[in-house]
Structures are given as C-alpha cells and as structure tokens.
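Chains as they are written, first to last, in our numbering: chain A, 346 to 516; chain B, 5 to 375; chain C, 33 to 571.
Quick caveat, the hints were computed from the structure, so don't treat them as lab data. Wrong hints could be hidden among the right ones.
What the hints assert, rightly or not - In silico SDA-like links for lysine to any residue, alpha-carbon gap of 25 Å or less:
#1 K365/A to P244/B
#2 K56/B to S39/B
#3 K164/C to H206/C
#4 K365/A to K72/B
#5 K37/B to R385/A
#6 K37/B to L383/A
#7 K72/B to R494/A
#8 K37/B to H442/A
#9 K37/B to R397/A
#10 K37/B to T384/A
#11 K365/A to L361/B
#12 K380/A to V63/B
#13 K158/C to V508/A
#14 K497/A to V272/C
#15 K361/A to I222/B
#16 K380/A to P244/B
#17 K159/C to K497/A
#18 K56/B to P394/A
#19 K73/C to E110/C
#20 K159/C to R413/A
#21 K166/C to H442/A
#22 K361/A to Q347/B
#23 K56/B to P82/B
#24 K57/C to V128/C
#25 K37/B to R391/A
#26 K37/C to P90/C
#27 K361/A to L359/B
#28 K159/C to P472/A
#29 K380/A to I222/B
#30 K37/B to A389/A
#31 K365/A to I217/B
#32 K365/A to L332/B
#33 K361/A to A243/B
#34 K438/C to D415/C
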Amino acid sequence: MATVTVRRRELDFWEKTYVKEVGRGLAITFRQLTKNLLTREDVATREYPEVRRKYPERFRGRHRLMRREDGTVRCVACMLCSTACPANCIHIVAGEHDDDRVEKYPVSFEIDLLVCIYCGFCEEACPCDAIRMDSGKHPLPSFTRDMQRIRKHQLLEEGGLSVAEQGGRSK
Amino acid sequence: MLMVILAALLKFAAIVLGFVMVLATLLTLIERKQSALMQNRTGPNRAFVFGKNPLSAFVGQLIADPVKVLLKETFDPPHADTWLHRLAPGLAFIPALLMWVVIPFGPGPVPGAEGDNFFLMADLDAGVLVVFAIASLSVYGSTLGAWASRSAFSLLGGLRTAAQMVSYEVTLGLNLVGIFMIYGSLNLNDIIWAQAGYDAATGFQNAYFLGFIPKWGIITQPFAFIFFLAASIAETKRAPFDLPEAESELAAGYFTEYSSMGFAVFSLGEFIGIVVVAALGATMFLGGWHIPGLPIELTAAGQPVIASLATWLSVAAFLFKVVLLVLLQMTIRWTLPRFRYDQLMHLGWVYLLPLSLANVAITAFVLFLTR
Amino acid sequence: MPTLKIDGREVTVERGTTILDAARKVGIDIPTFCYHPGLTKPANCRMCLVDTNKAPKPTPACYAECMDDMEVSTQSPEIVKTRKAVLEFILLNHPVDCPICDQAGECVLQDHYFKYSATPSRLAHKKVHKPKVKRLGPDVVLDAERCILCTRCIRFCDEVAKETQLEIVNRGEHSEITTFPGKQLDNPYAGNTVDICPVGALTSVDFRFRTRVWMLQSSDGVCPECSRGCKTRTDVFENVPRRTKPLHNPRVNDWWMCDEGRLAYRDYQALPRMEGPAAQVEGKRRVVTNVEAIEAAALELGAVAQRQKIGVVATPWFTNEDAWLVAELLRGPLAGARIYLGGRADGTADEILRMADKNPNRAGVEAIFEAAGLKAAPLSALDTAGLEALLVFGDQHALDEAGLEKLERVPRRVVVSAFQTPLWKMATTFLPARTHFEKVGTFTNFEGMVQRLEQAVNAAASCKSYGYYAMKLAELMGHTISFVRPEDVFAEVARTVPGFAGMTWQGLAPYGMKLGEGVAPAEPPTLPQAAPPAAPTEA
Ligand code: SF4
Ligand code: SF4
Ligand code: SF4
Ligand code: SF4
Ligand code: FES
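Whole structure, please, built from the sequences with the hints as guidance.
Set out below in structure tokens:
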C-alpha cells in the first residue's frame, strides 16, 4: 500500500493560541448575522407552504395508477413492479378478471409510502404504463401509519388516461 | 431588621423578575433567531398572535414556548430516584438566581460614605467569594439530576459536568485574583468604584490612563479577561465547552431524561447562568455601571435631578454591558465547534491554569515594582 | 454397447439408450419440450433435433437410439438454425404475455427462447386466438393460446394416472387440448399435468395468480399425507406455504404426487393455530411462557407416583428424531406408562402412489419404539380406566366423541399439539408444537424409506417440536438428554435403532435410504438419468 504523507501547514503563534482563529470565526458569523439581520440577502429558507419550489418535470412524487380508455385500471397485476421494488413496499393481490383477454387484475394494490424510497423502479418496470410517479405530489403527512399505505382507489384518483399500447408490440 | 430583609427581597424580586427572568426568557428565543441568521436561516417565525408580521411571530413564540412546555407530560424514568429527580432542576436553578444578591446594578454612595447602595442587595466585603461559593453549588443540580435519572447518557453528562466545572472553576477564580490585587478589594461595589477611577485616599483622581482610557479590568488585566471568558463559557456548559450535554454523543447529557417543566427549569437555569456570568464579567472587567466620560462624581452630586439621572444612566450602562457580553457568548457558542473531551481537559489544566497563575505572578510583580 | 461421439466427446452407452440420454450423461444439454423422462416419447415438438452421420436430416435426440460409430452434433450451424426455426414456429401464435403468465420464471419456452433464439417475431398477421381460461377440471385451468401441444399432459393421464381424459381436437393452428366429451380432468393425480406442462398453458386453480414464482423460497420436504412419503418441494412466500410440488425420487414417487397431498398445505392454513403455551395458574388455565408450561407439565406428570397410571398417546406424525426422544422419555422417567399410538384413520389407496395409512411415519415410530422396548397399543384400544395423568402428542388422531370423553375423564391432561383441536380445549397444560412445515427431521415411509425434511417456514418462538418437549420433560424429571440439532438426534437413532444402523444425515440426500440398507447405493438403482437442470418442472 502506497503511503502519502500530507504535510499540514505549520500554525503560527497566534493561531496556536486560538485567539486569532476564534476572532476570525467570530468575524464571519457576526458578518452573516448583521447582513441577514439587515438585508436577509443570504437567507436560504423558503417559506414552504406559501412559497413552493417548482419541481423538475421528472420529479418522482406520489404514485398513481393509470386507466384504460374504458376507465378500468391498466394494471394487470403482473407484480413486476413489486419484484423490482427494492423496498418491498408494493403489495398486490391479483384476481381473475371476467374478461378472458385481460385475465388478471389487481384486487388490491397498496403501496406503503413510509417504506417507499421513491426510486422509480416500479414505473420503470411496469410493462403496461400502469403505474406512474408523475403526480408531482408529495406524500402527505398523516396521523396513522396505516394512512400512509395508499390503496388502489387512492392511486386511481390521481390516475389519468393512458393510451400506450399495452404489452408492447401487438399485432 | 424586618424592613431591611423585606426591602432586600423586594429588590431581589424586582431584579430577578424584571430583568433576569425577562432576559433569560428572551434569550431562549433570541438565541434561536440569532443562530438562524448566522446560519442563513430564518428561525422560528410561525407562531403569529396578531397579524402576520415578524413581531407578532416573535411574541407568539415567546408565549407558545412556555405553554407547550407546561402542557408536556412530566416524565419520571423507570427506576429513577423520583424525589432527587424532581429536586435537581431546582438545585440547578436557585444558585444561578442567588448570585444576583451581590452584584451591584448601579452606583450607590461613595465607598466609605454613609448609606446603602440602592442597587445592591447585599453589600458584602467578601462579595466575589460569595459568588464562587454559590456557583460551586450549581454543579450539584446537574450531577444529582444526572445520577437520579438512572440513564447512561445522563450519568455520563453528569460526570462530565462535575469534572469540567471543577477544572474551570479554578481558572475562573484565579483570573479574578489579579483584579483583587489591582483594585485592592473583594467587594464588588468597591471594585467598580476603583475601576471608575475612585481612590479612597485621594478621591476622584487619576480616573483615566492617558486621559481617556478607563481603568477597567479589561485594560489592566486583558489576558485575565480572555481566560475568564473562556472559563466562564465552560462554567455555563455552552459550546465549545458543551460536553456535558453534547447532543451528538449524549442525547442531551445530564438532562436527557427531563421533560416538561423539569427540562424548562434546567434550560432556563442555564440561560440565567449566562446572564450571571455576563454580569460578573461586566462588573469585574468592564467597569460595571461606569460610563467612561461621565464624571462619576455626578452620581453623588448635590442636585437630586442630576444625580438620579446620572445614576439611572449608569444602571442602563451596566445592563447594556451585560447584554453585550451575553450576545458575545452566544456568538461564540454558534461559531466554535465543540472540543473533544481530552482537549477540554488539556486546555483547562495545561494552558489556562498555568497561564492564569503566571498572570497573577506577573501582576503581583508589577504591582510590587510600582507601589 | 454402442460407442458414439457427441460433439467430439466419446461415450459408450447401453443398447437402446437415446441420444438425449447419452448427451446428458456427458453433460451436453439438448433442449426439449415434449420429452419427459417419466413418459413415452412422441417426438412431436422437434426442439431436440441434432445432426448425425447416420441420417440425411436432423434427428430427434429424445427418440433416436444410439448406434455404433455415430457422430452427433448438437451445435452445428444447421442445428442452431433449426432450433431457431422450431422456436419461431412454436411462438407463432403464442401470446407471449409473460408478465401475466403464471409460468413466467419457470417457463421452459421462455428459457429456450432466450437461450436459443432471442429474435423478434416476424409474423405480419393477427395471431390466432383461442380460449384463455378453460376449466379442464377441479384444479386445472387451460390457456389454449399458450399451449405448445407437446401432449405431455395427455400422456401423463394415459400412462401414469391411467385415466384417459385429455385429447387434442381440431387441426393445424386451431389444434387445442380439451377433455373428452362428458369427462373432466379430475383424476387424483391431475395436478401433475400442471407441473409437467412446460409452458403456462396449464395452471392450478389453487396457485393461479397467488404470487409470482420468483418470489418463492423453496425447501425440500416429504409429503406427510400418506405413508408413501412422496418427496416434495414446499414453495413459501412471506413465510406462508403457497404450493407443494413433487420432486423426483426414483425410489419413492418418481416425478409425481397425488392431489390430496399437493393441496393439503391449505388445510394447515385453515386450521386455527395455537401458539400460546397454557398451564393451570391458581386453578385456572392461563397463557404462560414456554418454560413455565414445560415445568407445569413436568409437575403434573411427576405428581403421579405410579407410572402405570400415566397414559401416553404417541403419534405417527413424529419425525424419527421426535420418536427417539419421546422413546427416551418413555423408557426413562415415564417407564411403565400405558402407551397408545394414534394417528389418522385409513383412507383411499390405489395402485399408483396413494396408501391407505394416512400418516407419514408409522413405520419409523414403530421401529424406534420397538428398539426401545416399548409396547404401543393402537388408539382404538384406548382404555383410560385408572389413569391419573395423560400426555397426548399430536393433533391428528382418529378419536370420536366417546374417545375424547374418555380422555377428559383423566384428571391431568398434558397436550402437545400445533392446532386448536378438541384436545387443546381439554388440556390442563398445553404445549404448542410445530407442524411438519416448521421442522427439520426424517420420516420413514411404509416400506422403510427414510427421507429428510427441511424447514420450510419459520415457527413462532413458542412453538417447539415434539422431541424438544420430550427432551425437556425428561430433563426436568431427572433424565438428562441434550441435543441441539436434529442431525445429532438422528446420529443417535442410527446408533441405537437396528433398522437405521449405518445411516448418516448426509447419506440421506438426495433420495433417502431404506431401513436395513446400511449404506446407500452410490447410484440409485432405478434412476434413468439426472433430470435436466433447465427444466424444473420435470425435476
Ligand atoms: S418508487 Fe421504488 S421503493 Fe417506491 S414503490 Fe416504486 S419501486 Fe418501490
Ligand atoms: S408492473 Fe404495472 S401492470 Fe404490473 S403489477 Fe405493477 S403496476 Fe400493475
Ligand atoms: S408460457 Fe412461457 S413464454 Fe408463454 S407467456 Fe407464459 S411465460 Fe411467457
Ligand atoms: S397443455 Fe401444456 S402439457 Fe399439455 S400439450 Fe399444452 S403445452 Fe403440453
Ligand atoms: S421432439 Fe424431442 S423433445 Fe420434443
């Protein structure tokens, strides 16, 4: 293993006594204090609920489930999203659909937002453009843990229409 | 006799409730505001009481804090010594208040003259010693609270408090020795008069060096002032000496297990401690109520109007100096990072103590030569 | 003994061996669909085509026999192209809706496609649509679109289940699997068709859509539902068994298992489980800790000075290790107690796999008890007259009302069981046991095959095996035996019980050993060949 010796700068006498450096530190903080007191120029705080940052377009927010043209949920309960999910927070119960062509649909679809890390793997994995994270919304605070487990109907409330070709190329 | 005691109590109440408590309460908020601005933040600004303006938020916060603290559950940790646990905040709080007894707020009659100083509750010849005696007591509050909590964090915090207080008290005391020697008294009142240039033998002579520099402790004992400042911050357990409550290591140190009023009393006690230390510093090193340029004779002048005007101006000057030192302490607290524990001890015993001793020796030597 | 060369490697095989088997013997993998080692070979899928010097055209390796001086190529450019063509043909009308197909992840077609083709479809027309949800029988659903017409399912019914129920109808791309008119796929082995279907055409109603197969964690086990003891695999998701599949064991069940055993795991989920140990505290039954309950049990049993006034009900659901530890208890501190061997009542049997004795380990328990000098009467001969204490193991006993009443008349009743049964209700001290999904151990089947059981799911901390309780009771009653791992107990079984002599824990893998066999044969006698690794449904 190569050894690198980093030589530290020798401190001069006044630095060694602390006094000089303490004084310099005080000068900096005092300068900031007076400056912010008078002009608030450097204050970085945003007054959150009133002043909101504009999120970039690709911001990953709360999930939503998209709908087909007939209004039904696009999700086919393939569980690829829950497979991809590194936090294991997507819980899907699949059920038999009346329509033979559709075959499978999610009877329940829950995401535990407290566990979710907003990585976006789920929307990446979905072959049906069914789950998206483009609602632009934060998870909201709540009084119970259970309220953070958002259900299918909540996910669908945000959901819009998607006309992407289901299952990729179809002939 | 009864009247004297009553008068003293009244004065005490007036000072404590009218100045110390108010200042300490304000400090809890000012500190948050100040640190926020120093760090480019805004600090608390949401507790509006009348309209949405900063003043309203400021006042609202002052109301909200105590209300919140009062409404919290008082929690005694399991297996804690409940009695001691509840007693400890008081033990920490009361000594901090008691110290105000010997601190003169304003000028009284010239030393030696008839009459008492209206702005002083107890004119004791051993005034400084009383301050130290009381200051040493406050360590019991912290250590007892820590021990009674039955928590490892608390206990460690308590141990650190004890060690730190003992170490720095020595320095704190030694740095005042030079002052005693120069001004020839232990009585705080006399020390201020001496700083103001009063000489018992020759009257109001020799008031300034070079005609304009006041003979304050900070001028005659500059090193002692710096050491005193360092030691006093250590005594109040604030950064960079806040190891007893180092939140990154010990949660909240000795008062980890306190909630509600217990917690509030502890932290209020700390803020009062800051004010006390500032008052002591102002008294010993900044000439107390002395205003440079204002002839001190005026306070004892024949005309009551001029005398009382000069007197109240002096009181204001004292309070101003105290606030200044408090703000300095807080700026230091938000500027310097915490020492490591070994550095703290090293600084105290290896640098500050010998340097203070040297300072005393040199002062004595110089005095010996000049007198 | 023809000697031939496959991809340049020389191999000598028995006369009559197929090229496929010969290739697998030297570790060359030839892809297959319709071939299954347990069925006849129709050679209809053409996936296994190889080039030989003995025929002008590619030859199906699964069917063609080896000849002397044969030179086989499984990798020639010709064959690579042929495979692509075969896959393209099979996939022509295949829906390729893998994300919603239950087979995805264990699909032979998926695997072969990625390995041998991986080219997109060139089909310019609409795919042929066929029924997607066609119920063939009580537990089997057909997706005709996904079917590749390999006929494995048909052959299984004809050849193994011996009931002709399935057939192909229509022609060309409209060909479709269906049941004979008026028939259903309802033979007691129908579930195996789902296992051997190489694609997602046949799915089990029970498992369909429940989870995705890649989320399952598998562990080997032994089916406890009858004394055949088929080797099985339990697939678990989130600590709950989701399905049972047979594993290949040529000495017990070949590749198959019956539907009763396959679906039995559901019964254990339906039954209310008891996880709280209970004991008498101040005259009332309370939930206590495990240690307290064991102590209470020891006190209850110890209070009866005359051991012959203690009745013990053992169960053929003991693993061999459990049985040995219980035997220690009965031989030592409880020597002289009246012993009964319970278990479930007899059920249907057939010529294929199912046995009448619906308990997994009667043979093992009997052998071990006999070696310990214990005499166990059948539970039908239950006589509780004069008994002062009762120690009942297990919850699956053929006990009628009268039998239960008889038991209840005994004043002290220590019950060790996993589920909430009438026995649990009557217990004065209750010790929660583990199910066979939660245990490690061995079962001995009716003909003495000893097979290993892996732990499939985690048990609640309070639930312990029967053997553990026997060990702890014996210890409290003055007979210290101490084992930590079931392996160690098994070593003791092998040392002390004659039939087990010479057996080792490791030696039981993979196919088990027969009582009295001593040393397992290096090569299991009837094994045709190792199952191909790429096709888990066959294994
Ligand atoms: S964003 Fe990531 S963590 Fe959250 S649900 Fe999707 S895959 Fe899971
Ligand atoms: S990946 Fe898409 S279609 Fe599949 S379960 Fe998730 S949301 Fe539904
Ligand atoms: S049978 Fe296989 S290839 Fe066909 S859809 Fe199912 S997983 Fe995909
Ligand atoms: S259903 Fe499955 S096993 Fe039966 S023919 Fe079709 S693909 Fe083969
Ligand atoms: S033709 Fe040989 S495996 Fe199907």
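Okay, the hints, checked on the actual structure:
For the hint pairing K365/A with P244/B, the CA-to-CA distance comes to about 16 Å; that is within 25 Å, so the pair holds. A hinted pair counts as satisfied when its Cα atoms are at most 25 Å apart, and K56/B with S39/B qualifies at roughly 22 Å. Of the supplied pair hints, the one linking K164/C and H206/C holds, its CA atoms being roughly 13 Å apart against a limit of 25 Å. Between K365/A and K72/B the alpha-carbon distance is near 42 Å, which puts this suggested pair outside the 25 Å criterion.
Under the criterion of a C-alpha separation no larger than 25 Å, the hint pairing K37/B with R385/A is consistent with the structure, at around 13 Å. Straight-line distance between C-alpha atoms of K37/B and L383/A comes to about 13 Å, which keeps the hinted pair within the 25 Å bound. Between K72/B and R494/A, the direct Cα distance comes to roughly 31 Å. Violation of the 25 Å bound is thereby established for this hinted pair. Distance hint between K37/B and H442/A is unfulfilled; the C-alpha atoms sit about 61 Å from each other, more than 25 Å.
Distance restraint check for K37/B and R397/A: the Cα-Cα separation of roughly 23 Å lies within the 25 Å cut-off, and the hinted pair is therefore satisfied. Proximity of K37/B to T384/A is assessed by CA-CA distance (about 15 Å); at most 25 Å being required, the pair is judged to hold. Distance check on the hinted pair: K365/A and L361/B sit about 22 Å apart at the alpha-carbon level, within 25 Å; holds. The hinted pair formed by K380/A and V63/B meets the criterion: a straight-line CA distance of about 23 Å does not exceed 25 Å.
The suggested pairing of K158/C with V508/A holds, with an alpha-carbon distance near 20 Å, which does not exceed 25 Å. With a C-alpha separation of about 24 Å, the suggested pair K497/A and V272/C falls inside the 25 Å cut-off, and the hint holds. In summary, the hint linking K361/A to I222/B is supported, as the alpha carbons are separated by about 22 Å, within the 25 Å threshold. The straight-line distance between the Cα atoms of K380/A and P244/B is roughly 24 Å, inside the 25 Å bound, and the hint therefore holds.
Restraint check for K159/C and K497/A: not satisfied, since their Cα atoms lie roughly 33 Å apart, outside the 25 Å limit. The suggested pairing of K56/B with P394/A holds, with an alpha-carbon distance near 14 Å, which does not exceed 25 Å. Note on K73/C and E110/C: the hinted pairing holds, with a Cα-Cα distance of about 24 Å set against a maximum of 25 Å. Our distance criterion of 25 Å between C-alpha atoms is met by K159/C and R413/A, whose separation comes to about 22 Å.
For the suggested pair K166/C and H442/A, the alpha carbons sit about 13 Å apart, so the restraint of at most 25 Å is met. Among the hinted pairs, K361/A with Q347/B is consistent with the structure: their alpha-carbon atoms are about 13 Å apart, no more than 25 Å. Between K56/B and P82/B, the direct Cα distance comes to roughly 44 Å. Violation of the 25 Å bound is thereby established for this hinted pair. The suggested pairing of K57/C with V128/C is violated, with an alpha-carbon distance near 33 Å, which exceeds 25 Å.
Taken as a hint, the K37/B and R391/A pair is honoured in the structure, with Cα atoms around 16 Å apart against an allowance of 25 Å. Annotation: proposed proximity of K37/C to P90/C holds, straight-line Cα distance about 16 Å (limit 25 Å). Between the alpha carbons of K361/A and L359/B the distance comes to roughly 14 Å, so the proposed pair stays at or under 25 Å and holds. Restraint check for K159/C and P472/A: the C-alpha separation of about 20 Å stays at or below 25 Å, so the hint holds.
The straight-line distance between the Cα atoms of K380/A and I222/B is roughly 29 Å, outside the 25 Å bound, and the hint therefore fails. For a cut-off of 25 Å, the pair hint linking K37/B to A389/A stands: about 14 Å separates their Cα positions. At most 25 Å may separate the alpha-carbon atoms for a hinted pair to count; K365/A and I217/B meet this at roughly 24 Å. Under the criterion of a C-alpha separation no larger than 25 Å, the hint pairing K365/A with L332/B is consistent with the structure, at around 16 Å.
Proximity of K361/A to A243/B is assessed by CA-CA distance (about 19 Å); at most 25 Å being required, the pair is judged to hold. For the given pair, K438/C sits about 8 Å from D415/C by alpha-carbon distance, which is consistent with the 25 Å threshold.
Hint compliance for this structure: hints 4, 7, 8, 17, 23, 24 and 29 are broken, all remaining hints hold.
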